[in-house]
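> So you can see what is in the structure, the chains are spelled out below.
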Amino acid sequence: MHDAHVIASSTLWLIPALPLLGFLLAITFGQARALVRVVAPSVVGLAFGVALMAVLRLVGAESGSRLVNHVYTWIAAGPFQADVTFRLDALSAVMVLIVTGIGFLIHVYSVGYMAHDADLPRFFAYLNLFMCAMLILVLADNLLLLFVGWEGVGLCSYLLIGFWYESDANAAAGKKAFIVNRVGDLGMLLGIMLLAWSGFEAGGGEVMSLDFAHIDAHAATLGAATATTIALLLLVGAAGKSAQLPLFVWLPDAMAGPTPVSALIHAATMVTAGIYMIARLHLVFEASPFALDVVAVLGVVTALFAATIALVQTDIKKVLAYSTVSQLGFMVLALGVGAFATAIFHVMTHAFFKALLFMAAGSVIHGMSDEQDVRQMGGLRTRMPVTYMTFLIGTLAIAGAPGLAGFFSKDEILWHTWAGGHPVLWLLAVLAATLTAFYMFRLLFLTFFGELRATPEIAEHVHESPKLMTIPLVVLAALSVFGGWVGLPEGWLWGPAFGRFLEPVVGHPHLDHHGMLGEGALMLIATGMAAAGAGLAWVFYVQRPELPAQISERFRALHALLVGKYWIDELYDALIVRPYVRFSGMLWRVIDQGIIDGAVQGTAAFVVVNGQLWRVVQTGNVQHYALIFLGGAATVLLYYLVR
Amino acid sequence: MNVLLSMVVWTPMLGALLILLVPRDNPDGARRAALAFSCLTFLLSLTLWLGFRLDTAEFQYVEAYAWIPDFGIQYLLGLDGVSLFLVLLTTFLTPLVVLFSFGDITERVKEYFFFVLMLETGMLGAFMALDLFLFYVFWELMLVPMYFIIGVWGGARRIYASLKFVLYTLTASLLMLVAILYLVGIQAESAAMTFDVRKLYDIGLTSTEQMWLFAAFALAFAVKVPMFPLHTWLPDAHVEAPTGGSVILAGVLLKLGTYGFLRFAMPLFPVAVAAATPLFMGLAIVGILYGAAVAMVQPDLKKLVAYSSVSHLGFVVLGMFALNVTGIEGAIYQMVNHGLSTGALFLLVGMIYGRRHTRLIADFGGLWKTIPRFSAVFLVVTFSSIGLPGLNGFVGEFLILLGTFGRSPWAAAFACGGIVLGAVYMLWMYQRVVFGPVTHEENAALTDLTRREIMVLAPVVTMIVVMGVYPTPFLRAMEPSVEALVARIEAAQARALPKDTASQQPLARSARPFVQGGCAPAEPEGGSSSAGALAGSLDDTPSSHQPPADCATEVRS
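Protein sequence lines correspond, in order, to chains B and X.
Sequential numbering from 122 applies to the first sequence in the working numbering.
Sequential numbering from 66 applies to the second sequence in the working numbering.
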């Protein structure tokens with residue numbers, strides 16, 4: 122590599138290796154709980170430290186630089202080569218800090234949350250392994266190594282969703298997550314292979330490489346249809362990992378895992394891998410305007426769709442899960458309108474406030490003796506003040522209250538959607554944002570306001586969580602308030618510093634269509650709508666709590682549709698799962714045992730019967746043989762005569 | 066002359082003969098002798114790798130002695146990058162099988178180990194023989210011990226299963242014997258009679274002859290693989306075989322089928338291969354999907370693993386017929402992977418069978434609660450089989466798919482379906498066996514892995530990780546031989562299919578969608594055209610038409 126922007130590094134490998142060490146220690150010394158409780162968060166903290174030092178080095182270097190750490194050649198077969206090489210550029214830097222930073226907080230929180238679990242070492246082993254895989258994913262210098270992390274986080278997700286394996290439902294949820302993601306991976310793998318072969322041919326058939334530098338160099342030479350095919354195939358992979366339509370079905374079920382897992386994996390980090398991957402390969406996507414449009418539409422439809430489901434859920438974690446699907450939709454929308462830096466900005470702010478919301482919800486669940494149904498909650502404001510305050514901040518942040526983290530990133534998405542010339546998508550997104558404010562405040566009010574509706578046994582035990590859990594909440598609350606200030610709108614103070622930092626990697630969107638409204642006006646509209654949503658929730662769930670029941674009675678069919686989550690799971694079950702099981706059974710019994718093995722048995726039986734038939738002539742009687750001989754001779758003679 | 070190969074081949078046989086001298090009332094003596102000789106063989110074979118030269122595609126450690134000079138039959142052994150790791154796989158798995166069988170086999174102990182070691186000699190000889198007659202001898206020699214291992218130490222329907230196995234394989238291989246004799250007959254018309262495969266590679270055969278001879282060879286090998294629809298002997302044989310037999314059968318014997326294609330059928334009859342590629346790719350894909358679907362509904366763990374082998378070996382066949390370096394290296398890699406992961410699966414199934422005397426999935430559940438170590442190893446092996454990146458299975462599968470994609474993107478797309486279905490049947494099985502509550506009282510008091518069982522499994526798990534994390538040394542050792550193989554096949558195809566397919570007419574391409582004669586023979590990587598063809602057919606921009614249009618005229622050496 123003769124790129125002037127490449128700075129050699131020899132420490133990047135430590136970032137994923139440290140949590141890997143934690144994993145190995147946890148599985149080797151699993152009996153020493155005290156050791157694991159200290160080591161598991163420490164290795165992640167150390168990884169954060171190493172990452173921070175690397176990022177500082179990057180920031181100090183010329184803009185557009187990247188640190189590269191070549192470790193060894195992983196696969197080399199024929200013209201194909203993939204190395205274990207890590208890279209840290211602006212995009213990876215943001216991701217690696219999010220992952221290790223929030224990961225560290227969640228590890229600390231987990232020490233408190235899982236304190237009473239007999240299987241604590243196994244939990245931290247999985248969690249550390251997850252950190253390793255996720256860090257490989259965001260630091261990989263080629264698409265195949267990214268895929269290693271991609272599948273690795275899927276494995277850990279599988280293991281952690283089914284962590285409490287004695288319940289069949291949990292194990293089934295883990296399996297579902299892995300298999301649905303595999304469907305996405307099918308597309309991703311095909312996209313990777315098409316990318317490899319296209320680059321191979323564009324490069325004159327010399328080298329087949331999936332290095333990002335190589336892909337970027339050849340992205341412009343891709344024909345429109347090839348680029349579209351690649352982009353759409355990769356989008357299938359992203360839709361699996363980032364829970365977009367139609368592959369989102371695994372994420373709500375994934376809430377079966379312990380709550381810190383939901384916060385870390387299923388909200389803050391792993392599910393954003395699809396967003397990261399598309400941003401990383403943005404040149405390929407930009408080579409196909411059609412694919413980008415598909416991305417944008419998919420994102421906004423998912424955002425709206427999931428938000429409607431979240432309106433009526435009664436499980437505190439399920440509401441947050443659908444909210445995550447919806448927020449991921451916003452990020453995908455940002456990608457689709459070409460605002461890649463904005464998508465990553467929302468990845469970051471969402472990581473702050475959604476991790477906060479999940480962990481606060483975990484605190485609630487912890488205090489409510491593992492009750493998750495909001496219909497049993499209420500009035501927790503006074504009994505769990507820290508949890509309440511932090512949850513409130515998280516709610517304000519996600520709803521887009523002015524000045525908080527979510528406000529800036531969401532505004533930027535809406536602005537780019539509008540200015541990119543997609544007024545319809547903008548409208549749908551604003552609608553989704555309004556619903557977001559409504560269902561989040563609904564959740565807040567149901568949980569923390571009114572009277573406690575729990576059984577006396579639970580009510581008696583309600584308590585605020587220990588410091589190990591509340592301190593990470595407070596830190597994340599602070600980030601949810603101030604974290605968005607790194608990306609202010611153009612012209613405000615330091616402006617979009619975050620976007621400028623990422624610009625050398627992901628470029629700057631072309632805002633060719635400014636329309637009739639400026640950013641300020643759009644911001645007012647969106648904020649007003651969100652406030653209306655929140656206000657409506659106040660009316661419904663605080664002022665007149667009898668109203669929701671009346672309304673759902675009135676629109677019974679619609680309500681049933683939403684409560685039933687549009688019956689997507691049932692649809693997949695009826696159209697894919699059960700037919701496949703039936704078909705497989707038929708293949709085995711009819712085709713395999715009946716026809717194929719039947720033919721084998723039939724051949725054997727034929728040989729036996731044939732042998733028995735011919736045995737009749739083997740009488741051992743010389744006269745018989747003479748007769749047959751004579752008959753044969755006569756036949757031959759006859760043949761030659763007649764011919 | 067070097068005698069290393071002979072030492073590796075015959076050391077197990079020597080051990081087998083010595084075991085016969087061990088008194089019947091001393092089964093431990095037989096066990097220890099078997100372990101000692103199989104370990105010795107493994108150590109000897111390791112020196113093969115240490116001394117293996119990476120800069121040549123020639124056969125190494127070659128030993129040639131006249132055996133039956135009148136017919137040009139030689140005792141001719143050699144090793145190259147194709148066979149090296151299959152030999153190592155064999156010598157690696159056999160001691161583990163022996164060690165596992167310490168507890169598993171309690172009757173007729175010395176006979177059992179006699180047959181296991183004899184089998185090892187047969188397999189090693191078959192992987193190393195370069196004389197077709199010698200190969201055939203070793204090939205048939207393997208049948209005898211396997212017949213007895215299934216038939217004597219097997220389950221309830223062992224006689225049926227062993228007979229089916231032997232008759233099926235024997236019938237198919239007799240046709241191969243006829244083909245071998247015919248082939249040598251042709252060679253003898255112009256030169257001294259020889260069974261040396263290296264000399265037979267270059268005799269000119271008409272395409273009709275190639276077709277028939279290829280069919281005879283391919284039938285013998287396809288039964289062994291086994292390819293769909295010739296696979297039904299496999300589930301029966303596995304279910305009835307003792308665990309050690311299953312491990313060897315799945316781990317090594319099946320690879321002799323795929324190895325046979327690479328060593329004999331494909332380089333001997335390259336023109337026939339060109340014509341047969343669509344058929345074999347099609348059958349491979351059917352095998353991948355069909356095996357995965359049927360595996361899912363199996364109630365018996367061993368049958369599930371048996372059908373999963375049909376699916377996995379489908380990948381191997383697909384990679385071979387991609388006919389490019391990437392695909393074939395992936396196929397060889399996947400042969401070793403399958404030997405490790407499926408071998409480990411059979412060992413694990415054998416271990417719980419030894420405790421519970423059942424293999425029905427429905428009889429288990431909640432094992433993590435009672436035997437977590439077993440379950441953890443089972444987890445690693447399950448994900449190796451699924452092809453999780455970072456473990457061995459992924460490297461092989463990815464290279465196979467990548468190579469196949471270059472030949473036919475659609476074939477790769479269908480085969481990719483197999484990686485989804487593979488996850489489905491493995492994870493569903495794993496969930497029912499290991500997760501959930503303990504539903505059967507018998508499972509509540511199981512003992513976790515014993516020290517000996519850990520000693521059996523640890524090497525396999527280690528290799529599963531090593532080959533996933535650091536495949537380069539393996540791939541590098543294969544590369545020269547695989548490159549030479551691909552070049553040989555392509556050159557022969559180019560000679561036999563001269564200008565007719567090299568024309569740039571799109572019609573010619575669509576008429577021979579898989580052969581890709583247009584450019585495959587001319588390029589070292591082969592078949593790089595199809596991805597381009599896809600890209601080209603998708604793209605209407607003139608610039609992107611460049612690669613596919615060019616590929617017929619470009620001749621890169």
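Be aware that a few hints might be false.
Stated by the list, open to error - Which residues of chain B face chain X? A few of them, derived with a C-beta cut under 10 Å, are:
1. E287
2. D289
3. L614
4. G616
5. I717
6. Q722
7. A726
Said to hold, decoys possible - Anything over 10 Å on all C-beta distances counts as not near chain B; from chain X, calculated:
8. E123
9. S255
10. P343
11. V460
12. F470
13. L492
Unchecked claim - Stretch by stretch, here's where chain B covers chain X in the computed footprint (C-beta under 8 Å, at least three residues):
14. 315-323
15. 379-391
16. 524-531
Keep in mind the hints are simulated off the structure, nothing from the lab.
In this text, a Cβ means the ideal position worked out from N, Cα and C, and glycines have one as well.
> Against each hint, give a clear statement of whether it holds in the structure.
Here is what the structure says about each hint:
1. E287: holds (5 Å)
2. D289: holds (5 Å)
3. L614: violated (44 Å)
4. G616: violated (39 Å)
5. I717: holds (5 Å)
6. Q722: holds (9 Å)
7. A726: violated (13 Å)
8. E123: holds (20 Å)
9. S255: Nearest chain B Cβ is 35 Å from X:S255, so the label holds.
10. P343: The claim holds: X:P343 sits with its nearest Cβ about 20 Å from chain B, beyond 10 Å.
11. V460: The assertion about X:V460 is violated, with a minimum of 6 Å to chain B.
12. F470: About 4 Å separates X:F470 from the closest Cβ of chain B, which leaves it inside 10 Å; violated.
13. L492: violated (5 Å)
14. 315-323: violated (count 0)
15. 379-391: Held - the segment 379-391 of chain X has 3 residues with a Cβ nearer than 8 Å to chain B, which meets the minimum of three.
16. 524-531: violated (count 0)
Checked against the numbered hints above, the structure breaks hints 3, 4, 7, 11, 12, 13, 14, 16 and satisfies the rest.
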